[in-house]
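Q: Respectively, the protein sequence lines represent chains A and B. Going by numbering that gives the first Met the number 0, the first residue of the first sequence is number 0, and it counts up by one from there. Going by numbering that gives the first Met the number 0, the first residue of the second sequence is number 0, and it counts up by one from there.
Each hint should be verified, as a subset may be incorrect.
[Stated by the list, open to error] Using 25 Å as the maximum straight-line C-alpha spacing, the simulated SDA-like pairs for lysine to any residue come out as follows: (1) K197(A) / L3(B); (2) K330(B) / D403(B); (3) K14(A) / L269(B).
Don't read these hints as lab results, they were simulated from the structure. Nothing here was measured: the structure is a model prediction, and the numbers come from that model.
Number of protein chains: 2
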Amino acid sequence: MSTLSVFLDVPLAQKMEGLLLKAFKQDDSPNKIFLAYKVCMNSEGQPWAAPVVHKARLQIAQDPSLNYEYVPVKGMKAFIQACLELLFGRHSRVIMENRVGGIHTVGDSGAFQLGAQFLKTWRQDSQIVYIISSQREQHGLIFQDLGFTVYEHCFWNSKEMCMDPDMFLNVVKQAPHGCVFVIGNMGNCKLTQCQWEKLMAAMKKKQIFPFFDIPSQGLFTGDVEEDTRFLQYFVSGGLEFFCSQSLSKNFGIYDEGVGLLVVVALNNQLLLCVLSQLVKLALALWLNPPTCGARIITSILCNSALQEAWKQSLKEIVEDIMLIKEKVKEKLRLLGTPGCWDHITNQSGTHCYLGLSLPQVEYMVKKKHIYIPKNSRINFTCINACNIDYITESINEAILFTKDSELSSEGK
Amino acid sequence: MSTLSVFLDVPLAQKMEGLLLKAFKQDDSPNKIFLAYKVCMNSEGQPWAAPVVHKARLQIAQDPSLNYEYVPVKGMKAFIQACLELLFGRHSRVIMENRVGGIHTVGDSGAFQLGAQFLKTWRQDSQIVYIISSQREQHGLIFQDLGFTVYEHCFWNSKEMCMDPDMFLNVVKQAPHGCVFVIGNMGNCKLTQCQWEKLMAAMKKKQIFPFFDIPSQGLFTGDVEEDTRFLQYFVSGGLEFFCSQSLSKNFGIYDEGVGLLVVVALNNQLLLCVLSQLVKLALALWLNPPTCGARIITSILCNSALQEAWKQSLKEIVEDIMLIKEKVKEKLRLLGTPGCWDHITNQSGTHCYLGLSLPQVEYMVKKKHIYIPKNSRINFTCINACNIDYITESINEAILFTKDSELSSEGK
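Using the sequences provided together with the hints, build the complete structure.
A: Now the structure itself:
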């Protein structure tokens, strides 16, 4: 009897690593450079890690008093407490009022998977999600797979070369009642007091549910408090929200995938109900979250000397990032590259818009083997002393080339 | 303006920790004992850990050459290879033929969540799952939440006091075409060659899909190869299957929740299709599996001295378990407890049927504060020098009490 496979109808799934990375890997050019890694790189082109992590890891391995029994489904209490205090500040009102809580989540997707499953069940009348285009592939697909309708948007004003609060306000204005808004770091989108008030009023009126994405607190301005200050507007505006707080990038333990799904509710009673439902979902997803990364983070955050050392290392890496941006700008100035490049240094964080047009991006990729996303948002920590000259000269070439072709097409 | 919460309709979810543990925690008796923990305990009543884990953990923490960058979605290659060789044997045909693979999964639920999601999509014509009653709460709910119909069954023959292969065969006979069978360790269910052949023929004919649960390879007989030998029947019988391979309990790193979803297909091409779909699902579930536990396990399995030490520690703990069972039997003999207690030592593993009736279990729980599941399947490693006398005396009392009440009701 010949046997038929039960898997006969299962097709090969497309690799999801992104077309850009795939093209980069297939490129044989010795000059090829990839400027879209998620990871923060150090000046040697290696993934950055907070030096204090090594010390914490060793202390944990040498501690005979630790036991390695199952931890609660929602995670270790001390870990959750430390992370919430990091996010909102130790003496924040929302912590005092006992209306913020968290669930330990796994990997870069865990918090979004858990939160989306919750919203799927408990917000059945409004299964619409707004998400920033660059987050579409990573988080948008999670919502889409669960049956949400996902709309993309973008706040980058390519004419003014800045993040544009009005573009954000317009999307909110047009969004339907009760939809979910995935919101990344808002630091580069500078709202005036009046714009904040408008935003809060519009979101509250429409019962828009914010789902924040804090992938690397501290790696934006170098100051952990400053990086999440914008959350206070939402807290004091009386909004309820979820927040995916990742702690892998800002400690440099990318392989531990440590995170939290943070819940802010109007009062403690509501919070407990939401957390209890999330625990139920986490039970089915993984049951017990791996604790190694959580132990490292807790031991750093709960020891003031280690915490200070960690914060100092964040300051240093952010200064390095700013230095790279300054150098890129200076090199472009020396090359006489047309245009004003202040937008490079006006943006904070590892990932910023370079401000190239689509033909310029294509020139960089196809002619210079420098791999840049279509929206030209690159990871500046991928630029270092070894490749900065080639990169800036290529940017210059791309600008001049497209200027020339514009002129020649205008002349036709 | 008073604000309404978006969480207004969210009720408090029931705690899922199990009614038995809840009742135990609420019991104020100083004599209370819980005999249903999942964890393997050492003779001091502490969670067992393989001593070699400490060494591996320290080595990893001291290794300056390690980087902590993101690992692939499916997990570290060396880890998966080492785990598959542990499960099937290094020179097994299925590995040689390149038709077995695995995905690193998270926590005790991860492999079942991932596998169930796959089966939900790719076996749409048969969404029925058979599961052993004692696994209902842990794994059955995962299938149920995804829309599967879940049937419970049990192979414990309480008359013969043994696991009964005929009961298994009967359930298979009655099961519908194409259903999924979650199968735990079959070591205590001793099939004859003829019964194996019948089982394979019935499963193949009906295209029944086995989903094995290997929660603690090596903690059953003390011999890792012996513990999973039954898988060979399914491999050589030409069946395709999934297997949830957990590596937390047999290394004693319960808090790391390390596992694998193992896939056996008829050929490499089919395997690659299935793995590609699983990677897509894992991307949305957690994206990157935490690696600390996987590193510990890989460094032990890939170093023959450490591997030997680990295997030796498994042998020792299993000898301890057998010793406890012998002692329980001997104590019951000395107490003159009615009945033959050979079934205690005839079963291997940490969790075995004590063979009490429902009224006897109720007597143990209510009168003696010894918490035992209704089916009387207990964790023998929870019995130690401190509590063995109280436990065996209580068993004796429970037997005599119910014998008396049987007699008195017969006399009526």
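Q: All the hints need checking, so say for each whether the structure fits it.
A: The hints, checked one at a time:
| no. | hint | in the structure |
| --- | --- | --- |
| 1 | K197(A) / L3(B) | 19 Å, holds |
| 2 | K330(B) / D403(B) | 21 Å, holds |
| 3 | K14(A) / L269(B) | 16 Å, holds |
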